[in-house]
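*Asks:* Residue strings, one per chain:
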Amino acid sequence: MSMPPESLSTLRCEVNGEACSAHVPARLLLVDFIRDHLGLTGTHIACDDGKCGACTVRLDGAPVKSCLMLARQVHGRAVQTVEGLGRPGAMSVLQRAFSRHHGLQCGYCTPGMLLSAQALLERNAAPSGAEVRAAIAGNLCRCTGYQHIVKSVLAAATELRGETTPSQAGDASDSAPAGNWVGRSVARSQDPRLLTGRGHYTADQLPAGTLHAAVLRSPHAHARIVRIDVTKARAVRGVVDVMTGTDAAAISQPLPPTINIAMRLNQCYALATDRVRYQGEPVAAVAAVDAYIADDALQTIEVEYELLAPVTTLEQSLAAGAPRLYPEWPDNRCLEWRFTAGDVAGAVARSARRVRAQIPHHRYTGTPMEGRVALASHDASDNKLTVTMSTQSPHLARTLLAQTLGIPEARIQVITRDVGGGFGIKLQVDAEVIPCLLAIRTGRPVLWIETRAEHFLSAIHARDYVWEIEGGFDAQGRITALRAALTGDCGCDGTNRAAGAGQLLVGAFYLPGNYKVPAYEIEVIGAVTNKAPSGAYRGYGKDIANYGIERFLAIAARELDIDANELRRRNLIQRDEFPCEIITGPIYDSGDYPQLLAMAEAAIDLPQFRARQQRARAEGRYLGVGFAMMLEPSGAAVPNCIFNGYETATVRMMPEGDLMLLSGMQDIGQGVETTLAQVVADEFRVAPAAVNVVLGETQGIPYGLGAWSSRGASFGASAAVEAARRLAVKVRNIAAHMLEVAADDVEIAEGGVCVKGAPFRRLSYRDIGRAVHLWPGPVLTVPKGQEPNLEATYTWTNPIARWTPDAAGTLSIYATHASGCFAVIVEVDVETGQIGVERLYAAHDCGTVINPQIVEGQLIGGCIQGLGAVLGEELVYDAAGNLQNRGFGDYLIPTAPDCPPVEIGHLVSPSPYTSLGSKGMGEGGPVGVPPAVVDAVEDALAPWNIRISALPLSPERILDLIDTSRDKQ
Amino acid sequence: MRPGVFDYLRPESVAEAVALLGEGDSETYVLAGGQALIRQMRQRELRPRRIIDISFIAELAYVLRDAAGLTVGALTPVAVLAEDPVVRESCRALSEAAARVGDVQVRTRATAGGNVCTGWASDIGTVLVASGGDVIVRNAAGDYGIPAADFMARGARPCPPAEFIVALRFGTAPGSAFEKLSRRAVDPALASAAAFIHPGVGDAAVRLALGAVHTHIIRAETVERIAADAGVAAPAVAGALRALAQSLQPPSNPHASAAYRRRILPVVARRALEAAARRAGEGRRA
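Top to bottom, those sequences are chains G and P. In terms of our numbering, the first sequence has 1240 at position 890, counting the first letter as 1, and numbering is strictly consecutive. In terms of our numbering, the second sequence has 138 at position 137, counting the first letter as 1, and numbering is strictly consecutive.
Do not rely on the hints blindly, as some may be mistaken.
Beta-carbon label-pair distances, calculated as ranges [what the hints assert, rightly or not]:
#1 P161(P) - S478(G): 28 to 38 Å
#2 A231(P) - A475(G): 24 to 34 Å
#3 A600(G) - R48(P): 40 to 50 Å
#4 S258(P) - R548(G): 42 to 52 Å
#5 G970(G) - D26(P): 48 to 58 Å
#6 E222(P) - G970(G): 25 to 35 Å
#7 S258(P) - D1317(G): 53 to 63 Å
#8 L65(P) - G426(G): 21 to 31 Å
#9 R548(G) - Y63(P): 37 to 47 Å
#10 T1314(G) - A237(P): 23 to 33 Å
#11 D26(P) - G756(G): 52 to 62 Å
#12 E17(P) - A440(G): 43 to 53 Å
By construction, these hints were calculated from the structure, which means they are not laboratory data. Since we're looking at a predicted model, the values are computed, not measured. We treat Cβ as the ideally placed atom computed from N, Cα and C, and that holds for glycine.
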């Protein structure tokens, strides 16, 4: 099929105050005009249907979504993009407020957010918090939970009104004393570029001649591919390559496993070859000169399918005689694992009381604002592949690509610049293989940007499991034993496309939670179904464990007629019991769980709340409070898995005396670029700005594993600190040699090294850097016996990891255990079933805090993700395996007006196992909030004596529960 | 995804638009704010061959209050309706409905005329039907009015290819209100209701329209009569609303099932009726 070339028309408009003239086709969207024609890549694309607001620009001052406008519709009008608001070094008041108050994390939504907020401030100089939230309701943010964004906008309003605002946070002023950067809210180094539209996300800078890939995906959940005809697609003008699964398999290997612990592995390719196993599985791909033509070509590909019976539920998957997803397997089980410790049967039999509960949990996902993106180019002359991609781990991506493509790792370079959020979703390589194959076939750079529909269909899904828990309790309410079964839906694949099967094991190991469990038995089954792959999402099984034990204790408390918090108190591990090895093998490092619970109860002021609850009920209003403890194992070192647990850092002193830190950690919005600079700065008593942190490329950075398992504060920080300490020793030795004193007689001082007791006998780092690298050079400056360089490398691993199971099968995998207690107050409208969340309080302990504002940002954002998950987010499949949610319009992540303020209480129990006592803490919110919310809703509906089992807590489900209860009464 | 190829025409006046549309066929679409149309084109659910972009016709953006009611130009941005003091003063329900359409960015671009073309859950369409209003349509022969309830019952593409909406004419009442229940503030209605109340009795005393609870927006005439006779708070009103709900066939989607929409319809309608009655009463006392 040959289409005529599109006619172009003249577009004249003003962009950021400058006249602009271009020739554009009619169908060109404004967002593509801004990004591709004008090169203003601060305007982002995060969905395809105008629901996310990342592409917001201002048109004659008013905010609009540039993805829902044709470029030609701005003819004669004035457009403002984020680049027109301010630039690094000359940021606007609003941009500076975002930097000071941590109003951004990954930064992907930020440009649109800024333009919506700027429009508000220009028409309302003194907005309320609610007005700010309403003004940004059309700008989705997945990281921040909006709280610090609202704070930033309000602070900017105050400053713009001329009322001076004392800086409440972000105290990274140059006047601050050297040293002690750890523990301070240092402003993030990446913020100026992210706030001014100068971020470097994968799709922002394309080489000349880049082709755009589009992927054709199966409309069926389970089918055999009978025939694919790509003839018409190949004939579309502008199409350079069309590739089927058969074409791809000819030059690639199956996707390699990421994890194998008691698991059955499947064989799958990035493009299906003969059979599709979930709706959305790739079956063909196109590379064309632009994204529009790639989409045109996709429409012309004809695929004939022979439908197979879909398996869409755990029951169907595990039923005898069920259709098998993988005919070579005996059944649909991809994981079976058992663990027993202690006399469970005896303990249960002897218990004063026994409680049983079934606790199911629905399917949802992390859905970062930037979807998956990869830009590949291949040089056939030396078989070198360069892949720029949005990933949480460039090195792991390289490993997986190498195995799939059959190219040695040494010939693959993975580059990762700014990443628009991850949350576990960007840990594996699946469809990212497709642009690599197209680049190899065409010899041209190929960019693949997934659509949001592709993301929901085929990026990983998480959760979707059911617990069966039986517990014995003695007469005092102490747990005597737990007996549990955990069955999880791993979708079509929990080991290769993603590592989701492993989260069931984490759930099983940690069911004891914050409590003393003397006997424990667990059986885990993972089952495959015709659904999207199952992978990691912020929690990776810690959420499964926490939801299981907290719901179980809430249910048990009602059956035992004990206050739930009292039941918790009687079972909590006590402060003097750390380090505490629990029954399955993990070693809890430190904490004070009873104190966390006491903090949460005090924050809520229970007696006062109960009185208010009574008064409200008399008026027909239903308030409820709920609590949940939280345990967050972090910093995993997993055996038989690519996530196997080490991290390397190199610290290098440069000729100017500045430092470089090379780390395999990846900044995905959580701010390690800044926190790693802080920890290194302290070792040398310099400002964090003197530490240039280099992340995200595999050529020059030592092998490291990236951002997952909240490992930045354990692995990332400890490796950086230890490398810095080793370099500091070298620098002291060199300085002593140059000063002609003994090495023991010098010390690190502010900005250099001085003789102890003689601060004026000193060498600055610049003196040392120049002397060693340049004048006179190392021979004269480095003492004999020491390597003539100014760098040190250290590889840190989890010191309490134990991979050899004992007779019972215990293991120790996680380095640190942050903890918390969450309290939530809700109001339920019993006429409509709608739930409003009034307050959310988190008592939290992650040991030494490196950057308080970043920690708070992580915690708040995580809490709001947990809230979204339990209230509205759900991936729904119909009986035929058709996914019902394809976009942000029907996958309901929280918007700004939906979110309550999150209050935080800190407790500091340093970990003895990390270099600074810090603990990973990125996942606590989604781990701890869901059971607290469920508890609160049950409390609000106490007059109906409702027990919540199914999630999420949609208005419909709440009304059904009330009606069912009324029918019974 | 991106839209397919189409021809693009941009009339600068109503007369020019009429002339272009006269050549129209079923593959010609009128583009106003584009907040629904461009989305559908991006998904390639719609593949227009020709787009007539009327968004540059300045003469179709206005708000006019007269003795007969309130007339709103088809291209008046929804954001303007949400904030315009004349609208708020004369037709509170319209003000409230406009403020509940999508989010700020959508309201900036979305137009009054475009919103009533979005069908079964249109917020402004619900108000228009309750107000007893008309959709004013132009073709080569001139303007003519279509009663709002008829227009909203027309289905997916309410305007014939050679015609387009030039204005919405709203009835007014001393008390009016719009209620909408949605999952999140930015989402479409799970159920919506607009009520217009004239103090006193008579045929036009109470008017009630319901959105997102049936295949199209409907007037609830039986409920109106009972409410006019017995008052909006009468138990018979609640009973009639429940009976009405059972007769409707709302679609199900990930936001809510048909059963849920039927169940909350009486609650949402009652809240709209009560708010409108309260305002009608305040108007009378004033």
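*Asks:* Please go over all the hints and tell whether each is borne out by the structure.
*Replies:* Now for the hints, and whether the structure bears them out:
For P161(P) paired with S478(G), a C-beta distance near 46 Å fails the hint of 28 to 38 Å. For the hinted restraint 24 to 34 Å between A231(P) and A475(G), the CB-CB distance of approximately 49 Å leaves it violated. In this structure the hint that A600(G) and R48(P) lie 40 to 50 Å apart at CB is violated, the actual value being about 35 Å. For S258(P) and R548(G), the hinted distance range of 42 to 52 Å is satisfied, since their beta carbons lie about 46 Å from each other.
Look at G970(G) against D26(P): about 57 Å separates their beta carbons, and that is inside 48 to 58 Å. Under the hint 25 to 35 Å, the C-beta atoms of E222(P) and G970(G), about 30 Å apart, fit the expected range. Roughly 19 Å separates the CB atoms of S258(P) and D1317(G), a value that falls outside the hinted 53 to 63 Å. Between L65(P) and G426(G), the C-beta spacing of about 26 Å keeps the proposed range 21 to 31 Å intact.
Roughly 42 Å separates the CB atoms of R548(G) and Y63(P), a value that falls within the hinted 37 to 47 Å. Take T1314(G) and A237(P): their Cβ atoms lie about 28 Å apart, and the range 23 to 33 Å holds. Taken as a hint, the range 52 to 62 Å holds for the pair D26(P) and G756(G), whose Cβ atoms sit roughly 54 Å apart. Distance hint check: the CB atoms of E17(P) and A440(G) are about 45 Å apart, consistent with the given range 43 to 53 Å.
Checked against the numbered hints above, the structure violates hints 1, 2, 3, 7; every other hint is satisfied.
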